[in-house]
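2 protein chains.
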Amino acid sequence: MKSLRLKILVSLQFLPLTALALEPLPSWNDGPAKKSIIDFVEKVTRPGSPDFVPVSERIATFDNDGTLWCEQPVPVQLFFVLDRVKALAPQHPEWQTQEQFASILKGDLKTAMAGGERGLMELVMATHAGMTTVEFEQIVKDWIATAKLPKTGKLYTEMTYQPMLELLAYLRANGFKTFIVSGGGIEFMRPWAERVYGIPPEQVIGSSVKTKFEMREGGPVLVRLPEVNFIDDKGGKPVGINQHIGRRPLMAFGNSDGDRQMLEYTQSGGGVRFELLVLHDDAAREYAYGPALGLPDSKLAAFTQALYDEAKKGGWTVVSIKGDWKQVFAETNAVSH
Amino acid sequence: MKSLRLKILVSLQFLPLTALALEPLPSWNDGPAKKSIIDFVEKVTRPGSPDFVPVSERIATFDNDGTLWCEQPVPVQLFFVLDRVKALAPQHPEWQTQEQFASILKGDLKTAMAGGERGLMELVMATHAGMTTVEFEQIVKDWIATAKLPKTGKLYTEMTYQPMLELLAYLRANGFKTFIVSGGGIEFMRPWAERVYGIPPEQVIGSSVKTKFEMREGGPVLVRLPEVNFIDDKGGKPVGINQHIGRRPLMAFGNSDGDRQMLEYTQSGGGVRFELLVLHDDAAREYAYGPALGLPDSKLAAFTQALYDEAKKGGWTVVSIKGDWKQVFAETNAVSH
Numbered sequence: 059m060k061s062l063r064l065k066i067l068v069s070l071q072f073l074p075l076t077a078l079a080l081e082p083l084p085s086w087n088d089g090p091a092k093k094s095i096i097d098f099v100e101k102v103t104r105p106g107s108p109d110f111v112p113v114s115e116r117i118a119t120f121d122n123d124g125t126l127w128c129e130q131p132v133p134v135q136l137f138f139v140l141d142r143v144k145a146l147a148p149q150h151p152e153w154q155t156q157e158q159f160a161s162i163l164k165g166d167l168k169t170a171m172a173g174g175e176r177g178l179m180e181l182v183m184a185t186h187a188g189m190t191t192v193e194f195e196q197i198v199k200d201w202i203a204t205a206k207l208p209k210t211g212k213l214y215t216e217m218t219y220q221p222m223l224e225l226l227a228y229l230r231a232n233g234f235k236t237f238i239v240s241g242g243g244i245e246f247m248r249p250w251a252e253r254v255y256g257i258p259p260e261q262v263i264g265s266s267v268k269t270k271f272e273m274r275e276g277g278p279v280l281v282r283l284p285e286v287n288f289i290d291d292k293g294g295k296p297v298g299i300n301q302h303i304g305r306r307p308l309m310a311f312g313n314s315d316g317d318r319q320m321l322e323y324t325q326s327g328g329g330v331r332f333e334l335l336v337l338h339d340d341a342a343r344e345y346a347y348g349p350a351l352g353l354p355d356s357k358l359a360a361f362t363q364a365l366y367d368e369a370k371k372g373g374w375t376v377v378s379i380k381g382d383w384k385q386v387f388a389e390t391n392a393v394s395h
Numbered sequence: 059m060k061s062l063r064l065k066i067l068v069s070l071q072f073l074p075l076t077a078l079a080l081e082p083l084p085s086w087n088d089g090p091a092k093k094s095i096i097d098f099v100e101k102v103t104r105p106g107s108p109d110f111v112p113v114s115e116r117i118a119t120f121d122n123d124g125t126l127w128c129e130q131p132v133p134v135q136l137f138f139v140l141d142r143v144k145a146l147a148p149q150h151p152e153w154q155t156q157e158q159f160a161s162i163l164k165g166d167l168k169t170a171m172a173g174g175e176r177g178l179m180e181l182v183m184a185t186h187a188g189m190t191t192v193e194f195e196q197i198v199k200d201w202i203a204t205a206k207l208p209k210t211g212k213l214y215t216e217m218t219y220q221p222m223l224e225l226l227a228y229l230r231a232n233g234f235k236t237f238i239v240s241g242g243g244i245e246f247m248r249p250w251a252e253r254v255y256g257i258p259p260e261q262v263i264g265s266s267v268k269t270k271f272e273m274r275e276g277g278p279v280l281v282r283l284p285e286v287n288f289i290d291d292k293g294g295k296p297v298g299i300n301q302h303i304g305r306r307p308l309m310a311f312g313n314s315d316g317d318r319q320m321l322e323y324t325q326s327g328g329g330v331r332f333e334l335l336v337l338h339d340d341a342a343r344e345y346a347y348g349p350a351l352g353l354p355d356s357k358l359a360a361f362t363q364a365l366y367d368e369a370k371k372g373g374w375t376v377v378s379i380k381g382d383w384k385q386v387f388a389e390t391n392a393v394s395h
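Which chain is which? The protein sequence lines are A and B, in order.
In terms of this note's numbering, the first sequence is residues 59 to 395.
In terms of this note's numbering, the second sequence is residues 59 to 395.
Incorrect hints may have been included.
A pair counts as met if it fits within one copy or between any two copies, since identical chains are not told apart.
Said to hold, decoys possible - Result set (SDA-like, lysine to any residue): computed pairs, CA atoms no more than 20 Å apart in a straight line:
{"#": "1", "residue 1": "164", "residue 2": "330"}
{"#": "2", "residue 1": "270", "residue 2": "327"}
{"#": "3", "residue 1": "371", "residue 2": "274"}
{"#": "4", "residue 1": "199", "residue 2": "187"}
{"#": "5", "residue 1": "384", "residue 2": "340"}
{"#": "6", "residue 1": "268", "residue 2": "286"}
{"#": "7", "residue 1": "212", "residue 2": "284"}
Everything labelled a hint here was simulated from the structure, so no lab data went into it.
The model shown is predicted, which means the values in this text are computed figures rather than measured ones.
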């Protein structure tokens with residue numbers, strides 16, 4: 059026992075000071091955003107604090123597109139849809155003349171997307187259904203391992219935000235359970251979320267198609283049906299949180315009007331709560347967009363003036379990528395575009 | 059440090075030997091069922107074992123009614139429905155003459171239940187919807203804290219099975235995440251599952267009604283709608299498992315035909331897996347029922363001969379309450395009826 063004690067003391071002596079100090083969030087600049095996060099976490103985790111929250115209630119929910127990884131020029135899952143249309147085209151000769159598939163196959167995305175949300179949903183059903191859950195998981199795994207963002211030549215998983223990865227790790231080190239609550243497909247995120255974000259499948263909430271249990275010769279399978287089961291966006295986010303978690307988040311993180319209800323639901327939970335929005339204002343290192351900046355909106359990701367006003371009124375933390383983040387992407391300091 | 063070490067040694071000396079040996083599953087008789095559980099857990103958790111399974115994949119799913127607590131003479135949630143009809147009757151004068159409410163209020167359960175599954179669903183909607191999720195949670199909490207099984211005068215939470223509570227704890231001590239996967243209402247189980255079973259709300263899967271996000275004067279709420287969202291039974295169990303967990307269970311536990319697909323889905327996952335069924339064959343200490351015993355079936359809980367045959371063929375463990383359990387209920391050795 060004595061020699062073990064000695065060993066520990068000797069080991070401590072040779073540890074670098076930074077490791078002992080455990081400085082959290084190294085890619086965040088010192089400022090009100092970083093301070094608000096750390097102050098809150100210390101307040102709810104310090105034993106004896108009047109705002110102490112037990113570990114079981116330390117639930118943190120994160121939007122994905124635009125919050126944990128880049129959603130420009132279009133959300134990543136749309137690139138996946140387009141690649142799937144191309145991959146499946148040989149089995150669908152009728153797509154050569156049938157809109158909106160024909161335009162996608164010709165590379166004319168503008169015409170292909172003219173159908174709006176309804177047209178997008180039809181594309182999702184044509185590419186995300188008809189196979190088993192195991193087959194779909196493999197399709198996603200293969201795609202995410204190799205597919206690259208056209209403009210940058212980077213893997214999509216390299217377009218994750220370094221400061222947010224640090225935030226996820228910091229919260230988990232403080233006893234939080236971290237969840238994704240995204241409008242994206244639940245089965246599109248699960249195959250890689252554990253490797254990339256450290257978030258296991260059972261902590262991923264998203265939109266989904268219906269599935270059906272079927273007994274086949276090789277054993278039972280779940281078949282993905284071309285029918286919407288759940289849309290995890292806007293008012294759907296609190297619904298999805300209640301359905302999957304059954305508790306209200308203590309902290310919630312988003313970046314658009316699609317996250318507003320999740321943050322409102324979090325805030326109204328009683329006691330201390332924390333809400334944060336990422337504002338994309340860094341045209342040099344990432345993108346600058348959204349009406350709150352007086353800039354044109356992308357249809358799929360709106361940070362409106364009304365959301366900005368609500369954030370200020372509600373005491374929500376607004377992160378300026380330009381001002382608050384030392385480094386944006388996980389793998390590099392800049393993305394060229 | 060020396061005095062602390064002394065204290066520990068002195069404490070150890072006075073601990074009973076059983077505690078030091080950490081004997082798992084003390085309420086299980088030695089026999090093939092207990093042995094099959096322990097052998098499996100040791101096989102998948104021992105480092106270097108050819109069947110080793112990492113902690114993240116150690117998912118165990120449990121049916122609730124008849125697996126973790128008693129489901130006779132009727133499932134507990136039905137008592138809740140009946141009590142809610144009585145509690146809400148003053149606000150519904152029309153129920154005095156409207157079937158099936160009128161029969162319930164007169165205490166004539168046989169007539170009240172004549173409507174079968176459809177009639178039951180109408181009762182559930184009349185009693186489980188129309189309020190917010192927060193209000194419903196409080197209703198369940200108040201009821202479960204005080205309501206008692208008519209015949210025994212015991213709290214329903216005292217009708218949980220001691221051997222299964224030990225099994226849940228044993229699995230968790232071995233790195234398993236334990237989930238409930240029940241046909242019962244997800245929001246009926248969550249308010250007490252953590253206290254009674256040690257299973258947090260985010261690990262409870264069940265049937266549900268749809269909910270709707272609404273902004274009210276006091277803040278945002280989720281309103282429970284009288285519309286089925288999901289039925290977590292039979293083929294619905296693998297669907298619910300995939301939706302909530304996104305991984306296949308390593309171990310699954312049930313007691314009826316409603317659990318068959320969950321066990322089949324578990325078994326077909328590849329590698330070593332474990333499936334277990336509880337057979338209710340102890341008329342003296344609990345109940346004996348089910349066609350597999352040549353006994354009449356209760357409509358809501360069937361252990362059929364076909365299920366028994368499938369269990370034997372598939373190498374599933376079948377637990378005889380009479381033979382395998384030293385003690386049945388968590389709070390007492392016997393229930394009088």
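How the hints compare with the structure:
When the C-alpha separation of residue 164 and residue 330 is checked against a cutoff of 20 Å, the pair qualifies neither within a copy, at 53 Å, nor between copies, at 48 Å. Proximity of residue 270 and residue 327 under a CA criterion of 20 Å is satisfied inter-copy only: 17 Å between copies versus 35 Å inside one chain copy. For the homomeric pair residue 371 and residue 274, the shortest alpha-carbon distance between copies (18 Å) is at most 20 Å, but the shortest distance inside one copy (56 Å) is not. In the homo-oligomer, the alpha carbons of residue 199 and residue 187 lie at most 20 Å apart inside one protomer (16 Å), although the nearest pairing across protomers, at 40 Å, exceeds that limit.
Taking CA atoms no more than 20 Å apart as the test, residue 384 paired with residue 340 passes inside one copy only; the shortest distance there is 12 Å, against 67 Å between copies. In this homomeric assembly, residue 268 and residue 286 come within 20 Å of each other (Cα to Cα) both inside a single copy, at 6 Å, and across copies, at 14 Å. For a Cα distance limit of 20 Å, the shortest separation of residue 212 from residue 284 qualifies neither inside one copy, at 31 Å, nor across copies, at 48 Å.
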